[in-house]
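**Student:** Residues per chain, in single letters:
Protein chains: 2
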Amino acid sequence: MARLSEQGIRLSSMSPSFLNSNSTSHTWPFSAVAELIDNASDPGVCAKQIWIDVVKIDDQLCLTFTDNGSGMTPNKLHKMLSFGFTEKGTGKASQQAIGLYGNGFKSGSMRLGRDALIFTKNGGCQTVGLLSQTYLQNIKAQAVIVPIVPFNQQTTLRSLVVTEDSEASLAAILQHSIIKSQEEILTHFNSIPSKKGTKILIWNIRRAKDGKTEIDFDTDSTDFRLPEIHFEELKQGLRNNGSLRPEQNIPDMYYSLRAYLSILYLKPRTQVILRGKKVLAKLVSKSLTHIEHDVYKPQFSKEKVKVTFGVNPKKKEHYGIMMYHRNRLIKAYEKVGCQLKASGQRVGIGVIGIIECNFLKPAHNKQDFEYTKEYRLTLGALGLKLNDYWREVTEKRAREREFQALDKEDSEDQEEADVGPVWLQCEECLKWRSVPPCHYKVMPENWSCSQNPNPRYRSCSSPEEAEESGEQLTPSYQKSHKKLQRLSESH
Amino acid sequence: MARLSEQGIRLSSMSPSFLNSNSTSHTWPFSAVAELIDNASDPGVCAKQIWIDVVKIDDQLCLTFTDNGSGMTPNKLHKMLSFGFTEKGTGKASQQAIGLYGNGFKSGSMRLGRDALIFTKNGGCQTVGLLSQTYLQNIKAQAVIVPIVPFNQQTTLRSLVVTEDSEASLAAILQHSIIKSQEEILTHFNSIPSKKGTKILIWNIRRAKDGKTEIDFDTDSTDFRLPEIHFEELKQGLRNNGSLRPEQNIPDMYYSLRAYLSILYLKPRTQVILRGKKVLAKLVSKSLTHIEHDVYKPQFSKEKVKVTFGVNPKKKEHYGIMMYHRNRLIKAYEKVGCQLKASGQRVGIGVIGIIECNFLKPAHNKQDFEYTKEYRLTLGALGLKLNDYWREVTEKRAREREFQALDKEDSEDQEEADVGPVWLQCEECLKWRSVPPCHYKVMPENWSCSQNPNPRYRSCSSPEEAEESGEQLTPSYQKSHKKLQRLSESH
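Residue numbers (the working numbering), protein chains in the order written: chain A, 228 to 718; chain B, 228 to 718.
Don't read these hints as lab results, they were simulated from the structure. Everything numeric in this text was worked out from a predicted model, so none of it was measured. There's no promise every hint is true.
Said to hold, decoys possible - Have a look at the derived ranges for each label pair, beta carbon to beta carbon: (1) A:Ala398 / B:Gln369: 27 to 33 Å; (2) B:Gln364 / A:Gly350: 34 to 40 Å; (3) A:Ala398 / B:Asp443: 54 to 60 Å.
Cβ atoms here follow ideal geometry from the backbone N, Cα and C, with glycine treated the same way.
Required output: the full structure, derived from the provided sequences and hints.
**Tutor:** Laid out in structure tokens, this is it:
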């Protein structure tokens with residue numbers, strides 16, 4: 228018989244196999260990794276750093292995610308191991324939180340591997356929890372059981388806190404997880420570099436049918452990559468005649484975790500250290516040429532938001548709108564307006580747009596928005612704006628070419644002149660500062676405000692260089708073709 | 228304190244708000260509708276018909292899904308209202324079942340509306356169950372509670388079966404659902420046309436921020452449509468200069484449920500009657516011209532599958548691969564091979580491919596495949612095959628044009644001559660039969676084997692016209708360019 232609620236009515240139950248079902252919304256493993264970083268970065272945790280590594284424990288490859296955020300109480304850990312519990316949707320935290328659905332840890336971790344341990348300490352208590360498909364299968368569980376064991380962090384002995392289920396939970400973890408002794412548990416707690424923080428350990432990581440891990444850890448020892456598909460794998464004996472490539476030239480964020488993480492947040496709040504090497508955050512908008520901005524005021528919202536357009540100077544074949552939600556990238560390279568035309572004319576090619584759409588709702592896996600009327604209106608409006616921008620840029624270029632013909636200037640020089648300042652993030656305060664484009668020949672990997680050539684921003688106490696916001700927002704360019712159109716209409 | 232399992236270890240819990248979280252994987256409402264049809268069509272239910280309607284109950288718009296399948300016991304209904312329980316993945320049923328994850332009803336129904344009632348009868352027992360976000364909110368539930376009430380179907384009085392929770396459940400349904408009396412419950416049972424079957428009633432259906440229902444029920448009284456985005460909604464006061472359109476010319480399956488359902492299954496097992504009008508199933512492959520087929524043998528699978536290629540004669544701008552999994556459409560118009568080139572050359576435009584990829588795994592929402600190495604290999608191989616096909620067709624056309632120049636034939640006639648037989652589905656046995664293209668001037672809406680002009684297949688007892696399968700599969704065309712290539716290499 229099913230379990231009854233306080234109301235004397237049966238409860239919906241959850242089969243252990245739902246852990247896998249639920250994780251299938253992340254079709255792509257990097258989407259699962261992003262969930263774990265979101266959690267470390269969100270209010271209530273606010274980690275300054277998160278370290279992502281791949282390690283061997285007892286000959287098994289494991290992924291680890293270690294942060295120096297605020298850690299969790301046993302009760303909070305139980306919510307993290309449950310479904311749909313989030314405090315992020317209410318109150319002040321809702322202003323900034325990326326998490327909406329109380330599902331990121333479950334869907335993310337179970338997408339990457341079959342089993343996960345969470346070690347967390349909050350200064351007073353350190354707690355270990357287990358979410359494991361292997362364990363539930365071994366004991367033939369009918370429901371999702373989550374062993375949780377709290378230890379006292381204050382005493383030197385770090386003794387077990389005895390609760391209703393802590394001893395049974397400890398026995399389950401030692402018997403069914405990758406950790407075989409209490410000492411090993413304490414070693415993991417100690418490997419968290421601060422007094423507070425959380426470490427997630429994932430094992431039985433996903434493998435392809437050929438037995439190799441889904442993620443390629445070997446090609447680049449400082450990255451997680453999707454393995455390359457080799458031509459020979461597609462068709463044995465077929466000779467590559469040069470005109471065909473197994474995979475098209477896709478943006479590197481799709482196969483390099485480092486590239487994806489570098490643009491995952493508009494303004495990163497947490498530094499990611501992937502396999503010992505810091506991920507250099509890139510402000511997408513700062514790497515473009517011909518930058519202009521427009522303003523979008525959805526008719527269904529009070530918000531007015533900035534839309535930045537520019538041309539991708541390096542890879543013209545990667546274009547479209549980068550759509551963020553609460554600082555987090557949701558959709559990348561979404562084609563709109565004239566970019567959608569299959570007409571063969573190369574219109575809008577190379578144009579990147581950037582917008583933060585807090586007025587839309589992300590889907591389950593945070594890789595898409597709900598396909599609502601509001602979303603469709605937004606795409607439609609962005610299409611019109613991109614068309615505007617495209618006309619503006621092409622007209623400007625045409626004018627420039629006339630001048631160039633007079634001056635016999637090289638068009639390459641013209642491109643160079645369009646490059647804006649370089650944006651660097653301070654190691655200490657995580658603020659973004661601009662330096663002139665020619666100041667550094669090689670971009671410094673470690674940089675702080677104290678190195679700023681501009682004395683005004685040479686201290687972490689200086690505020691970040693301001694961007695316009697709210698009511699002051701106006702488009703950065705006069706839409707000249709419209710002015711002309713209006714003129715011709717009035718005559 | 229959390230609930231403990233038999234093992235004395237706490238259980239993972241589920242917040243009522245997870246019902247919404249879980250449903251957000253269906254970004255698009257038709258994806259949610261498809262889940263409910265899958266359930267009716269899957270082994271264990273095997274409905275011959277499903278009726279989809281929109282009705283008013285107490286001034287509230289409700290969606291109904293009524294099938295004449297085998298119905299459910301109270302215990303099976305409880306599993307349907309729980310998470311991750313499915314018998315479809317094991318044994319014989321796994322050969323044909325679309326459902327994999329035990330999540331379709333929850334994610335689908337809660338995507339369309341906030342509340343759902345399920346009426347089901349299996350010949351011996353008729354049972355009503357409630358899955359309702361409004362109810363759980365009203366009683367401030369901490370977990371997902373699912374009232375379930377069985378009635379005896381055999382006795383004339385149809386009396387309540389007294390179980391541990393049936394009376395409390397009945398009280399909850401009458402107090403918190405759209406149904407206010409036991410008589411109304413019985414009326415719903417009676418509205419199921421057979422002795423066995425299931426009716427799903429969904430209310431508080433999703434609305435956009437403008438208050439209108441997400442689905443447009445008015446524009447076509449025999450369809451569910453996504454509302455059109457009007458140009459004026461995008462930019463007030465902007466004059467449509469004719470060169471811009473708010474939404475591009477997208478395939479009709481994206482905004483018309485009738486169009487989507489007509490291609491949702493490769494070979495429909497269940498007839499769908501949408502708002503009183505039968506959905507005419509279209510075999511995608513039968514509506515193409517220049518049809519050829521190729522064979523794909525993935526290196527990671529023993530299966531050998533047919534890939535059908537053809538040219539979409541009506542809408543050349545809608546092209547790509549239609550990827551099915553166990554008879555069910557997962558991805559539509561997926562571009563591969565030369566279709567991916569943004570080069571401005573119109574290569575591969577208009578080419579449709581059809582494949583059933585049972586060796587891949589669909590994602591949570593059944594609108595995508597897991598982005599595994601196997602999936603990427605499949606896309607790569609399909610790209611090569613499509614390139615082959617494209618060369619074959621263009622070479623053939625070039626040869627034909629030479630002949631035409633001699634014969635002064637009209638190229639339009641040539642296109643006509645390529646049209647294959649018309650495929651019709653028998654009303655009675657649901658088998659597909661071919662008739663010559665000119666046999667009917669207007670396609671008959673109701674058709675059965677007895678009307679077949681071909682006497683060989685004029686009875687429902689005749690088997691379906693055979694398709695090649697398994698080991699016999701060979702490509703339908705000689706890859707002439709390869710032959711040439713090989714020849715030139717050997718010289």
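**Student:** None of the hints should be skipped; say for each whether it holds.
**Tutor:** For each hint, the structure was consulted:
1. Checked against the hint of 27 to 33 Å, the pair Ala398 (chain A) and Gln369 (chain B) passes, with Cβ atoms roughly 28 Å apart.
2. In this structure, Gln364 (chain B) and Gly350 (chain A) meet the distance hint of 34 to 40 Å, their C-beta atoms being roughly 36 Å apart.
3. Look at Ala398 (chain A) against Asp443 (chain B): about 58 Å separates their beta carbons, and that is inside 54 to 60 Å.
Checked against the numbered hints above, the structure violates none of them.
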